[in-house]
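*Asks:* Heads up: the protein sequence lines correspond to chains D and S, in order. Under my numbering, the final residue of the first sequence carries the number 116; numbering is consecutive throughout. Under my numbering, the final residue of the second sequence carries the number 116; numbering is consecutive throughout.
Do not take every clue at face value.
With a straight-line cut-off of 30 Å between C-alpha atoms, the simulated DSSO-like cross-links for lysine-lysine are [said to hold, decoys possible]:
1) S:78 to S:17
2) S:15 to D:108
3) S:17 to D:49
Simulated from the structure, these hints should not be mistaken for laboratory data.
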Amino acid sequence: AQSVTQPDIHITVSEGASLELRCNYSYGATPYLFWYVQSPGQGLQLLLKYFSGDTLVQGIKGFEAEFKRSQSSFNLRKPSVHWSDAAEYFCAVAARFNQAGTALIFGKGTTLSVSS
Amino acid sequence: GAGVSQTPSNKVTEKGKYVELRCDPISGHTALYWYRQSLGQGPEFLIYFQGTGAADDSGLPNDRFFAVRPEGSVSTLKIQRTERGDSAVYLCASSLVPGGGSYEQYFGPGTRLTVT
Numbered sequence: 001a002q003s004v005t006q007p008d009i010h011i012t013v014s015e016g017a018s019l020e021l022r023c024n025y026s027y028g029a030t031p032y033l034f035w036y037v038q039s040p041g042q043g044l045q046l047l048l049k050y051f052s053g054d055t056l057v058q059g060i061k062g063f064e065a066e067f068k069r070s071q072s073s074f075n076l077r078k079p080s081v082h083w084s085d086a087a088e089y090f091c092a093v094a095a096r097f098n099q100a101g102t103a104l105i106f107g108k109g110t111t112l113s114v115s116s
Numbered sequence: 001g002a003g004v005s006q007t008p009s010n011k012v013t014e015k016g017k018y019v020e021l022r023c024d025p026i027s028g029h030t031a032l033y034w035y036r037q038s039l040g041q042g043p044e045f046l047i048y049f050q051g052t053g054a055a056d057d058s059g060l061p062n063d064r065f066f067a068v069r070p071e072g073s074v075s076t077l078k079i080q081r082t083e084r085g086d087s088a089v090y091l092c093a094s095s096l097v098p099g100g101g102s103y104e105q106y107f108g109p110g111t112r113l114t115v116t
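Chain D with its partners taken away, still in its complex shape:
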């Protein structure tokens, strides 16, 4: 069965420092992978996605993620964190029902705090 593991429940990073959030997945075929961000009282916003091709994907707000098949990982990175990045981050893999529809399987999330 498909699953997503986010090993870090809570991370604190200094403003301006680099960030890496870890994500490991379990999926039998080539996965479709996503990172979402959720701010308090806000809906989930897609940061970036990987479907195929270049394993380094760029997203919004200066985030990037690298797909590593050998490690079953899809870690999220940002070179310099801003205070506004404090939020909950979710990694997800798409479980395909059929060619048209997919449900997302989410990890439990990582809470990012940014210190000044």
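The hints should help you fit chain S onto chain D, whose structure is shown.
*Replies:* Just chain S now, with coordinates in the frame of chain D:
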């Protein structure tokens, strides 16, 4: 509206009562998903609609939960005989389902259900 909307934003009900949660997807999106997010967890898939029909309802926890989408647009999630364990944020998402396969889901802000 431009995004997915959900009403109400908050719902407090007593144990044993019936509740309905509404989702209005992005216009033209044929796929609609319901997820449930419990405290400290990532969203968990409940049900997926393709048009008017439920393509997969394998995530519904039991027969107290039911969802409809009679005209292929607005969807209602219905919970009978609510239990305190049903307390969670219920998220709705929609996506385009073109022939090429776009798996990006757009999420609404959620309905926070509290069962007392």
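*Asks:* Need the list of violated hint numbers for this structure, in ascending order.
*Replies:* Hint 3 alone not satisfied by this model.
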